[in-house]
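Q: Chain by chain, the residues run as shown.
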Amino acid sequence: MSVGGAPTYAVEMTDAAVRLGSREVWSGVDFQVRAGELVAILGPNGAGKSTLLNVLLGLLPAARGRVSVLGGPAGSHNERIGYLPQRRVFDAATRVRGVDLVRMGLDGDRWGLPLPALGRWRAGARRARERVQEAIAQVGAQEYAKRPIGECSGGEQQRLLIAQALVRRPQMLLLDEPLDGLDIPNQVAVTALVQRICRAEGVAVLLVAHDVNPLLPYLDRILYLAKGRAVTGAPEQVITAETLSALYSTPIEVLRTADGRMVVVGHPDAHAVHGTHHELA
Amino acid sequence: MEPQLSIDPVSDVEQLLSYPFMVNALEAGTIVAVMAAVVGWLMVVRRQSFAGHTLSLMSFPGAAAAALVGVPLAYGYYSFCVVAALVIATGAGLSLGRNRARESAATGTVQAGALALGFVFLSLYGGVLESLETLLFGSFLGITPGQVLTLLGVAMAVLIGLAVVGRPLLLASVDEVVARARGVRVGALSVAFLVVLGLAVAATAQITGALLVFALLIAPAASAQQLTARIGVGLALSIGLALVVTWVGLGLSYFTNWPVGFLITTLAFLQYAAASAARAFAGRRSRTGRQIGGPSGPTAATGASAGEPLAQSVGGS
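Residue numbers (my numbering), protein chains in the order written: chain A, 1 to 281; chain B, 1 to 317.
This is chain A alone, in the form it adopts within the complex (with noise of 0.2 Å):
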């Protein structure tokens, strides 16, 4: 899916640095992401994983180098692009139904009053009540969107807040850990849905994850980011030792258990980030 005109890629990254405050956090990144591609962006605490998605919404300038999103700078099609930020959690006493949080997701940034019932008749508020519906269908949260979201459980607010950003049929997904704080059917159920609108709408999917493999059987691409410097790549050119040692400058060992999960063991950061915390304690 071509984005008007010549460019193709969702994401087009050349020589890219980003500065926070004085230090660099990572320099000298070239990536590029197709429509219709599963990207995962791993790396340890700290690598600037979610400071990459924040780049690329434009909402952190690149030190050096081009950032291309959707066809234009970084930030000029923000429209198009469903975020997901960290691990928001409303508290308890948060009143505000996950339809109408859907419903915002959908016009919240545009001027007027956030009265959906007003002018319910006209052709434009039915599609858009349709549209959040579907939303809510797509992520099979038609259960509890009525309830307000504060009383809903962390995974079911989780798949709200997923729909909020699928509402405007985005271009690209940005999805910051999207898998944190899920149970495991949850994360079953969640990268399913992912990949299912990756390859059925063409949307490029970037998703920023602490552990790959709920995630191996999706992935197009990883893009691996430690100690400053990011490498790309298929899984299994990414996931290597020998990859990741000159990554790390330090040995780094991947071990296949037997039922094809990979376990990452040699740096520090390594064993927060592959893995349980229980396993390797």
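Check the hints yourself; a few may be wrong.
Examples of chain A residues toward chain B, derived with CB under 10 Å [said to hold, decoys possible]:
(1) F90
(2) A93
(3) L101
(4) G108
(5) G112
(6) A165
(7) R199
Because the hints were derived from the structure by calculation, they are not lab data. Being a predicted model, the structure only gives us computed values, none of them experimental. Think of the CB as a built atom: it goes at the ideal place given N, C-alpha and C, for glycine as much as any other residue.
Starting from the structure of chain A, add chain B where the hints point.
A: Frame of chain A, contents of chain B only:
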């Protein structure tokens, strides 16, 4: 003629409306109730009730300063409330995102300063105690048609302004991160809302007094939120409840001679208590219903509790 409550409510209302000062009071009360209900609803959503209370206290030094300087009290109300709103907004730290702790600290400081200033101005003025009581607790006698018109102007400005920025303001209030990503000017909207709150407070305080304006600002809105989480219904309910409280409060004050502020506050409090009770009762009933057969979230399917390490490592995470 001493006002007497009779058995026939229609004639009571007719009696009320036969006096121009009561008509003015009711008009002013209606305008103020609608404005306070809408602004208060947003205030409750944004968890800025502390700021609302502090701004309502600013009307006390504002009015005292105006009396001291010799200008109409309204100028004092509006100017002090708006300036305080800007101070709180700045203290909360805008570009870094709304930091609730810093906002609370800034608000508390402003509140302490407000009370101190008020007393200084009052003592400089020569301290007429009855006017202090009116300042703090409100009075509806002597509201002029001119004041009603000013109130109408302020209310129209506030409501039209909120109608224009309603959607992005609500998004920024509920979900700041996504709002920023969508290009909503969260900082600017925060300042704008606090200024609107200041204006609404200044207008309301002229009816209910500085100490009790908060009741009209928070109780109908909080009651509405107890009863419903829907946006349109919540706003409508908030307005309805505020109008009821104001009209009944004004009417009762006329007949019983008790202060308006006290009556409105008590009615508002009773309203909130009733709404909370209704919600608790409804909650208990629906909770039983859910436990019996309803779906209760993702863990029901597996029977494992979320985050249990054993379940996680088995699944291969």
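Q: Confirm or reject each hint.
A: How the hints compare with the structure:
1. F90: The hint holds - F90 (chain A) has a Cβ within 10 Å of chain B, the shortest such distance being about 8 Å.
2. A93: Interface hint status for A93 (chain A): holds (9 Å vs cutoff 10 Å).
3. L101: holds, 7 Å
4. G108: Interface hint status for G108 (chain A): holds (3 Å vs cutoff 10 Å).
5. G112: holds, 5 Å
6. A165: holds, 8 Å
7. R199: With Cβ-Cβ at 23 Å, over 10 Å, it is violated.
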